[in-house]
Amino acid sequence: MRRLGILGLLLIGLGLLVLDTTRTPPNPYTAPDPLAWGSSDGASGALCSFTGQ
Amino acid sequence: MGSSTKLRALTTLGLVALAGALTIFVGARFALLMLIGIGLGFVLERFGFGFAGPWRRWIRERNPQGVIAQCWAIGLTAVVIQPLIASQDSLIGAIGPVSLTMALAAAVFGLAMQLILGCGSGTLVNAGSGNLVALVALPAFCVGSFVGSLWVPAAVAATPHVPVDLTQEFGVAGSLAITLSLLAVLAALAAWRGRTGAINRRLLIAASWVAVLAIAHVLVAGQPWGVVYGLGLWVAKIALPLGWDPAGAAFWTSPVNAQALTQSVLTDVTSLTSIGLMVGAAMAAWRGVKGQPLLPAIRWPLYGVVLVAGLVLGISSRLAFGCNVGALFSGIASGSLHGWVWLVCGFAGSVVGVQIRDRLWAWGTRA
Chain A
1 MRRLGILGLL LIGLGLLVLD TTRTPPNPYT APDPLAWGSS DGASGALCSF
51 TGQ
Chain B
1 MGSSTKLRAL TTLGLVALAG ALTIFVGARF ALLMLIGIGL GFVLERFGFG
51 FAGPWRRWIR ERNPQGVIAQ CWAIGLTAVV IQPLIASQDS LIGAIGPVSL
101 TMALAAAVFG LAMQLILGCG SGTLVNAGSG NLVALVALPA FCVGSFVGSL
151 WVPAAVAATP HVPVDLTQEF GVAGSLAITL SLLAVLAALA AWRGRTGAIN
201 RRLLIAASWV AVLAIAHVLV AGQPWGVVYG LGLWVAKIAL PLGWDPAGAA
251 FWTSPVNAQA LTQSVLTDVT SLTSIGLMVG AAMAAWRGVK GQPLLPAIRW
301 PLYGVVLVAG LVLGISSRLA FGCNVGALFS GIASGSLHGW VWLVCGFAGS
351 VVGVQIRDRL WAWGTRA
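As they're listed, the protein sequences go chains A and B. Residues in the first sequence are numbered consecutively from 1, following our numbering. Residues in the second sequence are numbered consecutively from 1, following our numbering.
Bound-form chain A, shown alone:
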């Protein structure tokens, strides 16, 4: 059943998220700029702002 594939993925994903949250819990007070729409703070730097380092 293909639905098993969907459920399996969602459960594994949820499990990994719970593990990540126990190790590095999100903190709404230190999370990058939680209410500033359109700010680049916290943006993933892998692609954007290439500096050639």
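Don't read these hints as lab results, they were simulated from the structure. Backbone N, C-alpha and C fix where the C-beta goes; we use that ideal spot for every residue, glycine too. Among the hints, a few may not be true.
[Stated by the list, open to error] Simulated restraints on C-beta separations: (1) B:T12 to A:L4: 40 to 46 angstroms; (2) B:T262 to A:L4: 31 to 37 angstroms; (3) B:S181 to A:T21: 46 to 52 angstroms; (4) A:L7 to B:G2: 21 to 27 angstroms; (5) B:S181 to A:N27: 46 to 52 angstroms; (6) B:P83 to A:L7: 40 to 46 angstroms; (7) A:T22 to B:V344: 41 to 47 angstroms; (8) B:L15 to A:L4: 21 to 27 angstroms; (9) B:T262 to A:L11: 23 to 29 angstroms; (10) B:S90 to A:N27: 20 to 26 angstroms.
[What the hints assert, rightly or not] Short derived list, chain A residues pointing at chain B, Cβ under 8 angstroms: (11) M1; (12) L4; (13) L11; (14) G15; (15) V18; (16) D20; (17) T21; (18) P25.
[Said to hold, decoys possible] The calculated lysine to any residue pairs, modelled on SDA-like cross-linking and capped at a C-alpha distance of 20 angstroms, are: (19) B:K6 to B:A249; (20) B:K6 to B:V16; (21) B:K6 to B:A250; (22) B:K290 to B:G48; (23) B:K290 to A:L4; (24) B:K290 to B:L18; (25) B:K290 to A:L11; (26) B:K6 to B:L295; (27) B:K6 to A:L14; (28) B:K290 to A:T21; (29) B:K6 to B:W244; (30) B:K290 to A:L7; (31) B:K290 to A:R3; (32) B:K290 to A:P26; (33) B:K290 to B:F47; (34) B:K290 to B:T11; (35) B:K290 to A:R23; (36) B:K6 to A:P26; (37) B:K290 to B:V80; (38) B:K6 to B:T23; (39) B:K6 to B:I24; (40) B:K290 to B:T5.
Got chain A; can you put chain B on it based on the hints?
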């Protein structure tokens, strides 16, 4: 209450609960990003909009409908985000460098994405819809993205990498004129050489939704939509407690990436939208896949090919500074030359990839 109404009500309730929890525990911005990802996944799965599939249909059947829809989506996004990014210091475009390794990696990505019929977004969406091939490819894709991140500094050192931002070179109006003209030429070429009708209303509606959500992504995240970074970050975060030391990896010691390793993935832009893509695809596919078998009728050795292709997708997308989303879609829409180079090289790779896939699948499909 009918079962479909019940399912819809439960789904709505689940989404509200998810957004509420994310707003309280992480921040409203991150809740919105997850919802944007879910919207993208839902649209891509429900409307059958994608990147690898339409290229394959054009190469094999000369069906231009998907390619034209892609051009429409990128064009609509470009019209809004190029002036927006140029006018706001806090927003950044997907400006990647052009280089020999970047071009080669894009060609390899184009080839590999045809082998599993899944690009960056496609693999996540297909996995979200319970497609076993994508479910096998996804972990390998994530590992590949991590491995690629370790190789990026060497690639950058080996060949000149030159970022070219068309909005800087020609101004926003000039860049938009170039971007839209090239997209129009591409769409016209696809239609001219096509053997079927050029316009598919359903795909154009999907493309318009993708553009709206991609624009919303820029407004909320501060940067255009991307996929691959998050996949590599997940593996890096898993590798940390297993003894991996990021101090020896130049990519992961740069401030933004080092910070990402110490924070929750729920505060990482790319992770949120990638998780959302899978959730949205699962929601869209749930009813349609009822009764469908999990195991496709293919020989087991093909799963080895799928694993290798997934790994190659991850590595090549990092070396190409993005996949079909971060480089092709967001790069071109932002006015980055590397998006156009990615398009040419990725398509050339896809032409080869389609031939290889046809032969492999002809051998590997069980009667």
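Any hints this thing doesn't respect? Which numbers, in order?
-> 1, 13, 14, 15, 19, 21, 24, 26, 27, 28, 29, 32, 35, 36, 37, 38, 39
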